[in-house]
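*Asks:* Spelled out, the chains give:
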Amino acid sequence: MAGAEDLKLLGMWASPFVLRAKLALSLKGLNYEYVEEDLKNKSELLLKSNPVHNKVPVLIHNGKPVCESTVIVQYIDEAFAGTGLSLLPSDPYERALARFWAAYIDDKLLPSWTKTSRGSTEEERAEGKEQSAVAVENLEGALRECSKGKPFFGGDNPGYVDVILGGLLGWVRASEELYGINPFDPAKTPLLAAWAERFGALEAVDPVIPEVNKLVEVAKMMQAKLAAEAAGASN
Amino acid sequence: MSQPETVKLINAFGSPFGHRAEAALCVKGVPYELILEDLGSKSELLLKHNPVHKFVPVLLHGDRAVAESIVIIEYIDEAFEGPPLLPADPHGRAEARFWAQFIDHKFSRPFWLSFWMEDGPRKEAFVKEAKENLALLEGQIKGRRFFGGDDIGLVDIAAGGLARWVGVFEEVAGVRVMSDEEFPDLCQWAERYVSHESVNKCLPSRGELVALYSSWKEMYMQVAKVKFSS
Chain A
1 MAGAEDLKLL GMWASPFVLR AKLALSLKGL NYEYVEEDLK NKSELLLKSN PVHNKVPVLI
61 HNGKPVCEST VIVQYIDEAF AGTGLSLLPS DPYERALARF WAAYIDDKLL PSWTKTSRGS
121 TEEERAEGKE QSAVAVENLE GALRECSKGK PFFGGDNPGY VDVILGGLLG WVRASEELYG
181 INPFDPAKTP LLAAWAERFG ALEAVDPVIP EVNKLVEVAK MMQAKLAAEA AGASN
Chain B
1 MSQPETVKLI NAFGSPFGHR AEAALCVKGV PYELILEDLG SKSELLLKHN PVHKFVPVLL
61 HGDRAVAESI VIIEYIDEAF EGPPLLPADP HGRAEARFWA QFIDHKFSRP FWLSFWMEDG
121 PRKEAFVKEA KENLALLEGQ IKGRRFFGGD DIGLVDIAAG GLARWVGVFE EVAGVRVMSD
181 EEFPDLCQWA ERYVSHESVN KCLPSRGELV ALYSSWKEMY MQVAKVKFSS
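Protein sequences, first through last, are from chains A and B. Start counting the first sequence at 1; every next residue gets the next number (our numbering). Start counting the second sequence at 1; every next residue gets the next number (our numbering).
Any given hint could be a false lead.
If we take Cβ atoms under 7 Å as the criterion, some of the chain A residues that face chain B in the derived model are [unchecked claim]:
hint, residue
1, V66
2, V71
3, A79
4, G82
5, R99
6, F100
No lab work stands behind these hints, which were simulated from the structure alone. We treat Cβ as the ideally placed atom computed from N, Cα and C, and that holds for glycine.
So here's chain A without its partners, still in its complex pose (with noise of 0.2 Å):
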């Protein structure tokens, strides 16, 4: 095809980092060759195209590597700039809203919920389950004050911080299956569930989304594997 770019994605199917990519991705428009990699065993490009940490997502355009899933998705917008939905808005403000969000989510959100399932201890798992809660309570807020009452924290369309949030989906979907949680209850973070749902069902979104079924069947494997560990560890 003339002119096409060569648009390729290094990933791994669960990963929510790896979902973030597929979504901007896929809410842009663009076509790109996707690899599936298997981080027991990492190929030499992707050793090669991320020497630093050695970690998934990778987007590598027209030869060129780029890393880290935050960096990607800022990468994909910038890129291609003329293409489908600008992700991130043009008045500086709100860029530096938006991308203060999305740092909290990395900082604040994700640590807080692998603390509070994979926490040690009763008492971290438990401290852990606090900390979740306050942090969905200000993505709450935060969801509120960006969206000014349209769908999405991008406002008509979904941006930045939609996308990194969204790439957290899947796990957010098998967490009730698993845990018996759900991270956006609706009873206390309402616009959070709805914006979960809504997002969810789009059609660039929803079928980049892996399933449901496969990440409770991963995660169970890992449980056992870290009992096993554990029980193996403590004789």
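Please build the complex by placing chain B on the supplied structure of chain A, with the hints as guidance.
*Replies:* Chain B alone, transformed into the frame defined by chain A:
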């Protein structure tokens, strides 16, 4: 033509994170009013404008408040005229953001706190990890005047703490992390950074910082003890 809106920066003296915001304003050439917080007794202004984190720095531009030092640097770059802090091409911008994020994650509060840990294998592990991360930066700065190229950019400002504060912490805590034998290019970059006319204006002197952190040494050692215990 309307008056330019006032720019104020809420900072705390001696904060390497606060310095990032000041350095960005100075490099960009934006006049600002500095408001220094006493972090032991946070002001209403700070709590109102950064209710989520209650940390400095916070940039106030007219009626807008921007928090998070890296977010502030990009805001300053986009909201004001002046020398660009990021390159124009998307790939160059992605590189800059990658390294700024790397620095922000690897040289964050735990890094600074680790200087005050009790000697022992845990502290050694922290120092080892810090040196591994510094080595990656050494690789990046080789052959360049600044991480941003010919002039200071986002990554240089994000790394500003390494240029001045590491030396201070080394002196007060008695730990060597960034020697010029091991990191010659990075140390030379540090010299260029602190001597840069825009940075020099807003950088606390080494002497002032040594005095400050010496007075806080006991407190930080207690905090480190609690944080890194068990």
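*Asks:* For each hint, tell me whether it holds in the structure or not.
*Replies:* Hint by hint, here is what the structure shows:
1. Among the interface hints, the one on A:V66 holds; its C-beta lies about 5 Å from the nearest C-beta in chain B, closer than the 7 Å criterion.
2. Residue-level restraint check for A:V71 holds (minimum Cβ-Cβ distance to chain B is 5 Å; threshold 7 Å).
3. A least Cβ separation of about 4 Å between A:A79 and chain B falls short of the 7 Å threshold, and the interface hint therefore holds.
4. The beta carbon of A:G82 comes no nearer than 12 Å to any beta carbon in chain B, farther than 7 Å, and the hint placing it at the interface is violated.
5. A hinted interface residue such as A:R99 counts as satisfied when its beta carbon comes closer than 7 Å to some beta carbon of chain B; here the least separation is about 5 Å, so the hint holds.
6. Below 7 Å, beta-carbon pairs count as interface contacts, and A:F100 has one with chain B at about 5 Å; its hint therefore holds.
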